[in-house]
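Student: One letter stands for each residue in the lines below.
2 protein chains.
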Amino acid sequence: MIKAFVFDAYGTLYDVQSVAAVTDAAFPGHGSYITQVWRLKQLEYTWLRSLMGRYEDFWTVTRDALAYTLKTLDLAADERLFDELAEAYNRLTPYPDAAATLERLSAHRRAILSNGSPGMLAALVRNSGLDRLLEQTISVDSRRVFKPDPRAYELVEERLGVAPGEVLFVSSNGFDIAGAKSFGFRVARIQRVPPSALAGEIGTETRLEPLTLFKALRMQDEMLGYGADVTVRSLAELADLPPG
Amino acid sequence: MIKAFVFDAYGTLYDVQSVAAVTDAAFPGHGSYITQVWRLKQLEYTWLRSLMGRYEDFWTVTRDALAYTLKTLDLAADERLFDELAEAYNRLTPYPDAAATLERLSAHRRAILSNGSPGMLAALVRNSGLDRLLEQTISVDSRRVFKPDPRAYELVEERLGVAPGEVLFVSSNGFDIAGAKSFGFRVARIQRVPPSALAGEIGTETRLEPLTLFKALRMQDEMLGYGADVTVRSLAELADLPPG
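Quick note, the sequences are listed as chains A and B, same order. Position 9 of the first sequence, counting from 1, maps to 9 under the working numbering, and the rest follow consecutively. Position 213 of the second sequence, counting from 1, maps to 213 under the working numbering, and the rest follow consecutively.
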């Protein structure tokens, strides 16, 4: 019996691609590259810092990943512009069906479990208005480790008092799906890029848009041995799943 | 005082790009994509499995990453072809200056510390002839965790009896450099792609070769707070470093 729906934030309820407007305005022609490499590095740094035992919060990681990305282009941003770019992660656009889905699930407990720092998550749910649809917004920060370390997922039971088997964890991020399933949650995968669409997009091109590489690396089902229990195409479909 | 030179294998002594001949022969036109995505996923899976506490050895990880990569292209390989592709990681080409550098450093103890499974590493050093130039080839496998987890780096002292501060750890992989430095080694970085060359290669292209993205993601100095003590452009330059 599912007692709580727990959502990943970045890439699941919120579209990380929505920073592209800001990155492209700041560095015309480089927006797509910056958006993708920034996100790829941001995640890498969460994994590497967790493994190294050198935790810094997601705000620091987000800024370090942005600095890395600009450096690969030999671009510089003054402090004001750099802050403006980083702040885009606090104003991400929710997916269009996010609010309506949370409303339709109102008979269940609903929360976020995210890598985001408490400050980033507070800004994100407030700026998007999703705060009124969520019981709790749980940051991994108190454990000083990022997903998919099992200690991060333990926070759900600690904060909501719901056993892992009674949680439906919702994510579009392959590493998060594997981590949540390995931990013991029931898991719903949001598949936003069907494999056939990706293969068609890659085709036999020798050069690819950075977004295509991002879809290939981050938006496909991982081969880590811990697949989702159910796969849906959109958040909206969650509200149509059979009970239990 | 440096008592031992300890080398990373994949990407440092051995060129992971050398699998491209095999990948392109197997799937003409897709070789570059497969080579890069395969390597990117291979590393990701070492980090994610370590974080999840779900270790599988590097041979399994290498095969899973290959299967993932082919799936994104909607390509299939029969068992024989799949094995042939995976085996390419056991016949990687050493960088042209690898053997000569190890020979010039023969006054020092020399070893490999690698994510590779014992079987993969044995094949690699035997196939390339570097086995006769190395005192030990140390696999992380006995610790059931991959770099940059500090437990992996502990194996050097355990196997060579040399304290971390007396080790010069050599790597071209940013995550490995950060992990080794954070652990306590002295660290030499092999910088094979200067930042200016990368920025020039990216330019204002909206589509990039997968190799360019690989250089941007994997071959630059990371912003993790643990930089190398010394940076050189090639293995050969290691033999010219001032003593100590």
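Calculated directly from the structure, the hints in this document are not laboratory data. Accuracy of the hints is not assured; some may be wrong.
As the list makes no split between identical chains, a pair holds if one copy fits it or if it spans any two.
[Stated by the list, open to error] Subject to a maximum C-alpha distance of 25 angstroms in a straight line, what follows is the list of computed DMTMM-like cross-link-like pairs (lysine to aspartate or glutamate): (1) Lys71 / Glu154; (2) Lys3 / Asp24; (3) Lys3 / Glu157; (4) Lys3 / Asp78; (5) Lys3 / Asp240.
Student: None of the hints should be skipped; say for each whether it holds.
Tutor: Status of the hints after comparison with the structure:
For the homomeric pair Lys71 and Glu154, neither the shortest alpha-carbon distance inside one copy (36 angstroms) nor that between copies (32 angstroms) is at most 25 angstroms. Proximity of Lys3 and Asp24 under a CA criterion of 25 angstroms is satisfied in neither setting, with 42 angstroms inside one chain copy and 50 angstroms between copies. Taking the shortest Cα distances, Lys3 and Glu157 sit within 25 angstroms of each other inside one copy (11 angstroms), while across copies they are farther apart (49 angstroms). Taking identical chains as interchangeable, the C-alpha atoms of Lys3 and Asp78 are never at most 25 angstroms apart, the minima being 47 angstroms within one chain and 44 angstroms between chains.
In this homomeric assembly, Lys3 and Asp240 come within 25 angstroms of each other (Cα to Cα) only inside a single copy, at 16 angstroms, whereas the closest approach across copies is 64 angstroms.
Of the numbered hints listed earlier, those contradicted by the structure are 1, 2, 4.
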